[in-house]
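Novice: Residue numbers (this note's numbering), protein chains in the order written: chain E, 8 to 301; chain L, 8 to 301; chain S, 8 to 301; chain A, 8 to 301.
Honestly, the hints are just simulated from the structure, not real lab data. Fair warning: this is a prediction, and the values are worked out from it, not measured in the lab. Please note: incorrect hints may appear among the correct ones.
[As the list claims (entries may be wrong)] Mimicking DMTMM-like on lysine to aspartate or glutamate, the simulated pairs with C-alpha atoms at most 20 Å apart in a straight line are:
#, chain 1, residue 1, chain 2, residue 2
1, S, K244, L, E159
2, S, K255, S, E284
3, E, K90, L, E64
4, E, K244, A, E153
5, S, K244, S, D234
6, E, K130, E, E159
7, S, K90, A, D26
There are 4 protein chains.
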Amino acid sequence: MSNNLVGIIPPLTTPFIDDEVSTEKLIENLYKYENHMLSGYVLFGSNGENVFLNSDEKLSIIKSVREHTSRTLIVGAGLDSIKETISLCNEAADLGADYALVITPSFFKSEMKHRTFLNYYTKVADSIMIPVVIYNVPKFTNVNIETETIIELSSHPNIIGLKDSTENSSRISEIHANVHSGFKLIVGTASVLYPGLISGATAGILALANIAPDQCYQIYRLFKERDFEKALEIQNKMIPVNKAITSKFGVAGLKAAMDLLGFFGGHPRLPLEPLSEAQMIELKLILKQASLID
Amino acid sequence: MSNNLVGIIPPLTTPFIDDEVSTEKLIENLYKYENHMLSGYVLFGSNGENVFLNSDEKLSIIKSVREHTSRTLIVGAGLDSIKETISLCNEAADLGADYALVITPSFFKSEMKHRTFLNYYTKVADSIMIPVVIYNVPKFTNVNIETETIIELSSHPNIIGLKDSTENSSRISEIHANVHSGFKLIVGTASVLYPGLISGATAGILALANIAPDQCYQIYRLFKERDFEKALEIQNKMIPVNKAITSKFGVAGLKAAMDLLGFFGGHPRLPLEPLSEAQMIELKLILKQASLID
Amino acid sequence: MSNNLVGIIPPLTTPFIDDEVSTEKLIENLYKYENHMLSGYVLFGSNGENVFLNSDEKLSIIKSVREHTSRTLIVGAGLDSIKETISLCNEAADLGADYALVITPSFFKSEMKHRTFLNYYTKVADSIMIPVVIYNVPKFTNVNIETETIIELSSHPNIIGLKDSTENSSRISEIHANVHSGFKLIVGTASVLYPGLISGATAGILALANIAPDQCYQIYRLFKERDFEKALEIQNKMIPVNKAITSKFGVAGLKAAMDLLGFFGGHPRLPLEPLSEAQMIELKLILKQASLID
Amino acid sequence: MSNNLVGIIPPLTTPFIDDEVSTEKLIENLYKYENHMLSGYVLFGSNGENVFLNSDEKLSIIKSVREHTSRTLIVGAGLDSIKETISLCNEAADLGADYALVITPSFFKSEMKHRTFLNYYTKVADSIMIPVVIYNVPKFTNVNIETETIIELSSHPNIIGLKDSTENSSRISEIHANVHSGFKLIVGTASVLYPGLISGATAGILALANIAPDQCYQIYRLFKERDFEKALEIQNKMIPVNKAITSKFGVAGLKAAMDLLGFFGGHPRLPLEPLSEAQMIELKLILKQASLID
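With the hints as extra help, turn the sequences into a complete structure.
Specialist: Structure, rendered in structure tokens:
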């Protein structure tokens, strides 16, 4: 595996044909992504419709993707159940996954506090064969893991990073100032990629990288070259696009944009629905204004 | 099976010994409950720590419980994935479950609207062998299914009821006025059992019934006998207890109370923790004030 | 004044003509309400657009209304500032108000806890010449005053009741079981009038009473006469109407419904806007289905 | 007045002695601040306990502060009532205020959308003699004004800026890319000062500037000098302090820190309470760790 979590990493969407997983289409997309400056791939992120996939589907996808790329492979594998999480992570590891992206447990919201998170992540990290990346995404979980908790967990030898999908870059800043240099901070949404990098992040796992991998990489490269004005300019151009494929139209919007941009998007799985015609028109306009399509 | 959803039904807790399921303790509890006026049992409700159990554990519990009771058996079997939900429901049906309690999908919160819920519940109900009870519990899911949606779903021949765990009995009232008489409305929290019955509910699936089955049944019976003052008196006495075992102390509190009242409670599964000593003292006081212990 | 808080009380809307208060229209409405079985009036409730009125406007309205009715007059007079609240309450008292309806302070949300509420209400109640009714309305304040706090405050000689505008009647139940009989519990929304009365409330301050005073009164009377089935029937018929004039269309909807039902509604004050044409059509349909209009 | 909104601006706390405003103490603080590199002052920000002050107190404070400084004076003057807002803004202008900081109206939360905000801010800006700075602070208002709305309002000749107190710097970025260069973007919380400046903000109105004006200014200066590493280092050192005086301990914490750092803090006004002894110990530790006290 590539030995670190740096650069731009798309959380791949899962193609469905007639509501069934199409690994073939996924691999076709993968081949296209291999030609872009991407450091790796996430399978089964939120927008990978992780919650709609069963265990067999997941393992079959990992196997297939692993055969077709040598880039870093990060697998979304967190569930409320510690036992199930460990089991899935280890199966993923056996199939060649490099990292486990473990979302915060969240069902018993009012119990999800410092101690509970320590219990959960310590137990998982102790028991799996690949390193853990903590995944914080309050917009889906309605739970937020505090910076103090992450700082404490960062000393665990098998917990090596955080994907933070809030838009609050001061979290990155604060954690960065309090963890060892090996602990990787990963921006989870393109809207704050640039402020996140400035604040200490080394990578971005970005839905936007599914449709605009080059623009995401440019922001990253320009930041590294300290060309801040140019980085910000591209960042700003991408903000409306990123909104469209996340908060505005969700995974259906992301997939529709993929179809418009030469990848296979297709429909989200039921019970989600594809975009309406009116939404498609709005999406196209946004992509056009950002010069992603003509 | 008993052919209807009426009366008091405890959502059984799942006993763990050394963090492993103890079916033995579960059956011991069951034998005790069989001596009380209970109409059935829910397995894998929220407080059954459903999210911490894997598929094998669930199937083994259903099998064992089915062998030891002829009362109605309702199995919590909802997941975001339609496919997985159908598969689990049908396995439960094969093992003798009478009803599937299907929690609202919730991960993609902002997409969980009228159309999505129709898609989800119609597909599930079309494909499973036992009737569906919709389960609405916003405090855990951060999603609320609107009364209009439930009313529309009530016409599906295989969707036969709703467990509503909000504390808003006007929802029961409104739905009751707009559905056919076979559609069962079930109160999901003891704090509004009495107002719920008054508003058209026929049953209560109540965490409280794990520790105070007789008091819950009395409220139900007194309501049926139109002895409203007496019903309300017991209801009021139980409100602080119900708070203690739900919002205040969660499943750890419910299990601790079970231990104090002659059932096997034990610890919740990791990452949850048992009550602290100070919390135990407070819990005992509350149970004493309600005359449940001396 | 009428010496107690029982029965049905409309929180009067404030008529505006060209965005200016029309006391004349308010008095015209009042004359109509005097012919209905209403126990009193609230001025400057939430739907009275309290937050859009200045002090002079409020005092002038109180003066005018007091001159035209001998029924109980309850004046909404709570602000975050204790000092301002006291001053407004005492001015209202001088003009003949019978009770002060004091909304929970709410700006510093995370500080609004037991101790803060005790500080606030004790200080206000100590300093004003008329009795205080606590007003809890989380949908507007995003703050909820706990039942424990209300129970503690109920022992203050000048705090004599609670208007609770949540839809959770177990709050009424729990408080009722723990306060002296003189402490009045008032339902704050028509959707739970009947469950609230059953649970110990003696009155309803209901937006719905602005447009359907007789139906509200009937629910109250039938409850008193223990004709529960009939009470529930009317309650259920009113739920969609109540939703339309509260959560669905807000104060603009309430005022539009008043216009349709023979009262003066008019437009809400800026920045709020009147209903659109499409909304008007929907509102009329709802009123027609409830047999309020032909 | 200083002719633009750049640099660091503390939102002054309001000193109380025996729960009464002490203008004397406020002026003493002001004299101290005059020796620091601050561009101006905000009166009656959230932490100025704006909601606890009446109109007379506010006007008297403005008058006094205006007499003692020639720096930019920004006055918090937003209320739900358009009429009252206009009246207060114009009184403030008469007394020498340079800008009105107008918080989003928020009481009717579900109505607070694009159109309503346009109505509100347009009407206010049309009618007052000093320029309007929009103030967005969802943690207190539970309302968020969308970037699209701000961009549209930015074309009004009398709306000249935004104080954004979310921690999401992509909002700054997005607005910056879509407004004319005269529209000023102001960071509203020190935790994202640096990312905010990078994203296009020109100033910070920061509670932290009440206790650490030099550190705030250094972040600003280092950013202007493009010494990003150093800026970030100070920013990171201040994050725990900023948390302590905002989300952790609120205005009571901010005032306690002022007392520890040579300013007059005192107690917040009732119903708020001063820090407990345990909280004081924790606060001191945090200030010590940030080298603000020995």
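Novice: Would you mind marking each hint as holding or not holding in the structure?
Specialist: Hints, verified against the model:
no. : hint               : in the structure
1   : S:K244 with L:E159 : holds (18 Å)
2   : S:K255 with S:E284 : holds (15 Å)
3   : E:K90 with L:E64   : holds (11 Å)
4   : E:K244 with A:E153 : holds (18 Å)
5   : S:K244 with S:D234 : holds (16 Å)
6   : E:K130 with E:E159 : holds (14 Å)
7   : S:K90 with A:D26   : holds (10 Å)
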